Each structure stands twice: as structure tokens, then as C-alpha cells.
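Colleague: All chains should be built: construct the whole structure from the sequences, respecting the hints.
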Amino acid sequence: MDKVLIIGGGIAGMEAAGQLLKLGYEPVIAEKEDHLGGHVAGWHKLFPDMMDASALIEQLASKLDGATVYLRTRVAYMNRLKDGYSVMLSNGTGLVCRAVLIASGFRLFDAAKKEEYGYGVYDHVITNSDLEAWFNGVEDFRVPENPRHIAFVHCVGSRDLKAGNPQCSKVCCMTAIKQAIEMKEKFPDAEIWCFYMDLRLFGKKYEDFYINAQRDHGIHFVRGRVSEVGEDIDGRVVLKAEDTLAGTQVKLKADLLVLMAGMLCNEDTATIASMVRAAVDSDGFMRSRDNIYRINESNRPGIFFAGACTGTKTVPETVAEARAAALDIHNYLSGND
Amino acid sequence: MIYEGKQKIWSDYQKEIPDDHWYFVRSCIRQNFFPASERMFTEITRNVLGKDVHETPYHTTCGGIAYHCDTIPHETVMTIVARQFSLMTEAGYENYAASCITSFGNYTEVLETWHEYPELEARIRENLWKACRREFNKPKYLAHSSDLIYKWRNEIAARARHLLIDRHTGEPLRIVEHIGCHYSKMFPSKGVGGAEYPYVLCGMIESWGGQVVDYPERRHCCGYGFRQYHVQANRGYSVSNTHKKFESMEPYRPDAIITNCPGCPYFLDRWQYVIAEQTGKTYGRNGFGIPVLTYEELAGLVLGYNPWDLGLQLHQVAVEPLLDKMGVEFDPDAKYAGLNKEDLLRPGLPVNMKCF
Chain A
1 MDKVLIIGGG
11 IAGMEAAGQL
21 LKLGYEPVIA
31 EKEDHLGGHV
41 AGWHKLFPDM
51 MDASALIEQL
61 ASKLDGATVY
71 LRTRVAYMNR
81 LKDGYSVMLS
91 NGTGLVCRAV
101 LIASGFRLFD
111 AAKKEEYGYG
121 VYDHVITNSD
131 LEAWFNGVED
141 FRVPENPRHI
151 AFVHCVGSRD
161 LKAGNPQCSK
171 VCCMTAIKQA
181 IEMKEKFPDA
191 EIWCFYMDLR
201 LFGKKYEDFY
211 INAQRDHGIH
221 FVRGRVSEVG
231 EDIDGRVVLK
241 AEDTLAGTQV
251 KLKADLLVLM
261 AGMLCNEDTA
271 TIASMVRAAV
281 DSDGFMRSRD
291 NIYRINESNR
301 PGIFFAGACT
311 GTKTVPETVA
321 EARAAALDIH
331 NYLSGND
Chain B
1001 MIYEGKQKIW
1011 SDYQKEIPDD
1021 HWYFVRSCIR
1031 QNFFPASERM
1041 FTEITRNVLG
1051 KDVHETPYHT
1061 TCGGIAYHCD
1071 TIPHETVMTI
1081 VARQFSLMTE
1091 AGYENYAASC
1101 ITSFGNYTEV
1111 LETWHEYPEL
1121 EARIRENLWK
1131 ACRREFNKPK
1141 YLAHSSDLIY
1151 KWRNEIAARA
1161 RHLLIDRHTG
1171 EPLRIVEHIG
1181 CHYSKMFPSK
1191 GVGGAEYPYV
1201 LCGMIESWGG
1211 QVVDYPERRH
1221 CCGYGFRQYH
1231 VQANRGYSVS
1241 NTHKKFESME
1251 PYRPDAIITN
1261 CPGCPYFLDR
1271 WQYVIAEQTG
1281 KTYGRNGFGI
1291 PVLTYEELAG
1301 LVLGYNPWDL
1311 GLQLHQVAVE
1321 PLLDKMGVEF
1331 DPDAKYAGLN
1341 KEDLLRPGLP
1351 VNMKCF
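Same order as they appear, the protein sequences are chains A and B.
This note's numbering applies: residue 1 is where the first sequence begins, and numbers increase by one.
This note's numbering applies: residue 1001 is where the second sequence begins, and numbers increase by one.
Simulated from the structure, these hints should not be mistaken for lab results.
This structure is a prediction, so every number in the text was calculated from the model and none was measured.
Each residue gets a CB set at the ideal place from its N, CA and C atoms; glycine is no exception.
Check before you lean on any hint, since a few could be wrong.
Simulated pairs of lysine to aspartate or glutamate, EDC-like, Cα-Cα distance not exceeding 20 Å [claimed, not checked]: (1) A:Lys253 x B:Glu1217; (2) B:Lys1185 x A:Glu145; (3) A:Lys162 x B:Glu1206; (4) A:Lys186 x A:Asp130; (5) A:Lys204 x A:Glu317; (6) A:Lys3 x A:Glu58; (7) A:Lys240 x B:Glu1247; (8) B:Lys1140 x B:Asp1019; (9) A:Lys240 x B:Asp1214; (10) B:Lys1008 x A:Glu228; (11) B:Lys1008 x A:Glu317; (12) A:Lys184 x A:Asp140; (13) A:Lys113 x B:Glu1004; (14) A:Lys22 x A:Asp2; (15) A:Lys205 x A:Glu317.
Now the in silico label distances, taken between C-beta atoms and shown as ranges [to be verified]: (16) A:Asp123 x B:Arg1253: 54 to 60 Å; (17) B:Lys1341 x A:Arg225: 54 to 60 Å; (18) A:Asp123 x B:Pro1018: 35 to 41 Å; (19) A:Trp134 x B:Tyr1252: 26 to 32 Å; (20) B:Pro1018 x A:Thr93: 51 to 57 Å; (21) B:Gly1327 x A:Gly120: 34 to 40 Å.
Modeller: In C-alpha cells, the structure reads:
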């Protein structure tokens, strides 16, 4: 049967590999990290059901029997053949395949670039990703023992022309609400504040989550951007923001500040795209043939996309796209498209 | 505070500063506020460090105050700036150093504007030619004069007679650094250290043995803010901004404040008197205020100059507690002796803030 190269072993690559196995193909996953699961592997719980992220990874991994998985492996080069692609991986493996699925995902915005928020400078400033790692038991000296005031800043590096990223990262609003609720459950006496531009809660159960956060957990939502962050003599974080609904300035001292770092196109995107002359969009993500009906298809024959390599995606969207991509590949390889 | 985090940012915002041959332009107001500062800059750079620093009496205002008070348009400012550059060109220099922060911001803004809109530069060249038959080259390097003292800070440290160390305790003096808003807030890449964590004054403090105080309102305006002060009705707002900074820095018990702007040292110094008279509160120890110095004045103290030759008697807040900590010898009776030992008379003393 045909081999299909899958670039990226995150949840999109894993789900697509599982589906391709079922359809009778031989998926080969090339993953640059030393583990499968991508960003989700470092996450604690997933909204809206608060499912364990590790449970999802286990479920996806359980369907990979028969797939070839290369960890710490990148694509060294890829050449177009008459009817497929010749690929050399960084581990020296060569393969010829008629279809390639790019599932190279995203990277998180480096929150230190928003210098005014003091990530990497002030003692108690962390990112959404750091907090998930802490939820998973990773020790972090920046998270105080019993925080009484916690603040979340949405849209860090997202919808930010100055940072060069106009796109909405889609998941940060819900992630902030989820993490705020989790922190409130851990520290019931803590006052928690979320500073947002807009709340973009479009998915099933998302609005319920938001109402729940306010009604049942007393989490405060302030519509306004944080302009600057400092540190007081006790090491507490001092935030200045504008409350655009109340029309006033807000100054808040917090024991912990969590920055919701946004999603950017992966650094590898341009390299991979250039190997097969696939088109890249203005936001740096891969360009689908269209954004309505053929999101999984590229402008090159045999090159398909799944997940966040084409733009910011939620976990359910990514998994659904991976299944769709597997079916598209099957149709392509069997001449049904 | 994670010092390495700041170091990383500082390393991202370093600018090229040539080591010699500078065309230097003074500020409109600094010589009235802190009369020896610019004199000390030329003294240190020329006579102590042996640098070529050139000035001309034909230099005028850059138009910055009027521009930021919304009384003249930018095109006028650009033509004034073009004339300043023509003086530099005429003198045979290509490195331009401004003593005033607003001028530095102004020059930076003009050069950036011309870079983005070359047709505007062409029009300004035409304006200048029509107005005074002058032509100019743009500076190859533009710096604020504090950039130069920052560059040569270690050479000054090597000649130091008094370090920023409390001689009574052996501990580094705690120094607040305050950067003028127009230094790097408009163009972060043009200032040493960027906009959020400027390093230009921190570098001097560290080189000269002191400890930098970082406090929550560090980035806040000194209170001058042009229209905040120049419109008389807004002066309460000006004081309230200064008050906010002092309330924020108070817990750190700073020994001194240094600044690199014409307005900032004036307002941080004078408004301490106003706050003390209005509220009875002082922010230094034992009823004194916190001494506020320009970086040239501080460099002068470090190099062992007589504090009264540095013009420190014209400060509102008494500088004697700082001189005592640094071990600077001074004659209290000579404080108000002017040039040729002329008696300048004694100023009236505040009620609530200790002064000499």
C-alpha cells in the first residue's frame, strides 16, 4: 500500500495517521520533538469538557499501531517526482510517497516580545503554557504558594499589528476562562481578573463557561488592555490598564500575572512550503486552496494540510480537519477526487 | 526582578555611538535650570576624556517646545532642524549630539519622517534654500549627550574620585533613574536599552558603583509633559503626576535621582518643595527631599568637581546628604558664593522640607 508522509506528530498528525491506517495506508510521521502530541501534550485539561489532555493523546496514540513514527526528525529535503515526492528525512531515511500531509502546527508567541508586560523580567509573570505545565506538576518558582490576586491578560501577541500578528488566536479567551476557573478552584480565596479586548466565545458550551466563571466563581472581567506592568518592593506585579466600559483607569496589584500568548505560524512553515512550492498566506500560515470548501488542499498535487499549519484552530477543529484530510488523501490516491 | 531578563532586552537595544568628533547642540532651557550641566559635559568630554566636541553660537531652538505645545506645524520644525544640520555640515561634522531630550526626539522624528517620505525631505531642502540659502547633509550618527556619557562611563569610572557608595555603610547608593519621555518612548530602537527598560542611565549608575532602583511608576512622566505645565490651569495635574512617582519610589528609600531630560530634573526637584508645602510630606530621610541630579552633575561629583562649581546650590532639594554619603568635600559657607566669590544672597527656606 501507499506510504503517506505526515510532517508533524501533534494531534492533527496523530489523528490523520490513525485514519489513514484504517483506510489501509502506511503513514510515516516525522516529528521534530522527542514526543508525539505537540502542544496538547503539555496541556493539562481541554475545554469545554475539561477532558485530560493526556487522555486525548493516549487515545490518539492507541490508534497508531502499524504507523512508522520518527521522533527528533525533520524533513531535510523533498523533491517533486512525476507522480509523487521523494523525501529525505534528517535521520537519513529516504522515502517516496504520492501524498504528503503537512500537519506542522503552530508556535506560541514569545511573550517577552511584549516588553511592557515584563515576561522574563518580573518574578511572577508567566504564560498560559507555563501555567498548564504547572497544572501538570512542573515546579515553577514564579507561581506563589497562595496567590490572593491573579490577573490574566488576553491577546498577548494576537490581534496586534505592532507585534506583526493581526490574526485572532481563537483559543485564548476560552483558555483564559478555563485557567481562571482552575485557579479559582485551587485558590478559592483568590480574586481573579481577566483583561480582554473582546471575548470571542464562539464554540459549543463556551458561553456557558463564561457565565459560569462570573456567576459561580466570581471572576472579574475588565474590557481593556493592560498598558504596562511593573513590580513593587514586595515583588508583586503592578498592572495599569484601562477599563473601557467604566471609562476609567485601573491599577491592580497581583501575586501572579498570566499572559495569554497567541498562536503564530510555525517557524518551519516557510521552509517546508518552499520545498514543494506550496503557497504561504499573508499571515505566514500555509495557504489552503480556499478557506471554505478545500481547507485541507494545497495548490500542489498530493500536498495536503491538517490543523493549525493553515491558521489558528481549536482542538476539535484540528481533529476534525485531520479526519477530513485523511479522507481527501484517500480519494486522491484512489483517483476519486 | 530577573536581572538577566533585563540584560537580554538591553542587548537587543544597543546603538552604534562613534567614539569621537561630535557636533554638540545645547538645550533651550537647561542652562537656566541647571546652569553647569552642559558646561560640565564639554568640560568632561573635552578636557577629561580628550574628545573633539564642537559647538557653534549660531545654533538656535529646534522648535520642539512649540511643536509639542501645538503652536507650530511639523513642516516648520523640519525646516528649523534642516538649518541646524546645515550648521553641522558647515563645521565639517557628521555625528550630531543633542543635549535636550525633546530635541533628540525631534531630530529622530524628522529623520524618520524623511526616511519614510523622501519627497518631504526634498521640499524641506527647498524651503531651507529659499529661506537662507543653506544646504545640509543629514547626520551619519545621531545621539543624545547622555548616550555619549554612557559610552564613556567606564572611562569616567576609571578616573573616579568618589563612587556611588555610602561611605558610612559601604553599601551601594540606591539611585532612581528617570529617562525623558522623548528619549526612546517614540522610537525605542534609537535609545540605549529601548523604551521599557532604558539602560542609558542604569549603565552609568552601575559603572559608578550604585544600585539602580526599579519601582512601579518608573516609566511614568515626571509631571512636566509640556501642556501639563505650560497651560497654567493644568499645573495641579503636573504636580499630581510627580506626586504619584514619589509615592511609588518612597518604599525603596532612594539616595538620589538622576535624569537625562531638561524638564524632568527641574520638576522632580521643584515639585518636591511644592508637595512638602502642600502636604507636609518629604521623601528623603530626616525631613530632607531626594536630591535630583542631571547625569553630568553626577559625573562631575564622581570625578571630584566642587559641587558648587556644578551649580548644585541652585537645586531646590538640598544635595548635602548625598555629598556626605559619597564623601564629597565641600565648604558649606561657599554654597552661595558666585563667580569671583560674589555673594549670591541666601534663598528663603521652605517650611516643611529641610534645606541649607
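Colleague: Indicate, hint by hint, whether the structure satisfies it.
Modeller: Do the hints match the structure? See the list:
no.	hint	result
1	A:Lys253 x B:Glu1217	holds, 13 Å
2	B:Lys1185 x A:Glu145	violated, 36 Å
3	A:Lys162 x B:Glu1206	violated, 32 Å
4	A:Lys186 x A:Asp130	holds, 16 Å
5	A:Lys204 x A:Glu317	holds, 12 Å
6	A:Lys3 x A:Glu58	violated, 24 Å
7	A:Lys240 x B:Glu1247	holds, 16 Å
8	B:Lys1140 x B:Asp1019	holds, 13 Å
9	A:Lys240 x B:Asp1214	holds, 16 Å
10	B:Lys1008 x A:Glu228	holds, 19 Å
11	B:Lys1008 x A:Glu317	violated, 38 Å
12	A:Lys184 x A:Asp140	holds, 18 Å
13	A:Lys113 x B:Glu1004	holds, 15 Å
14	A:Lys22 x A:Asp2	holds, 13 Å
15	A:Lys205 x A:Glu317	holds, 15 Å
16	A:Asp123 x B:Arg1253: 54 to 60 Å	violated, 21 Å
17	B:Lys1341 x A:Arg225: 54 to 60 Å	holds, 59 Å
18	A:Asp123 x B:Pro1018: 35 to 41 Å	holds, 38 Å
19	A:Trp134 x B:Tyr1252: 26 to 32 Å	holds, 30 Å
20	B:Pro1018 x A:Thr93: 51 to 57 Å	holds, 54 Å
21	B:Gly1327 x A:Gly120: 34 to 40 Å	holds, 38 Å
The structure does not agree with the numbered hints 2, 3, 6, 11 and 16 stated previously, though it agrees with the rest.
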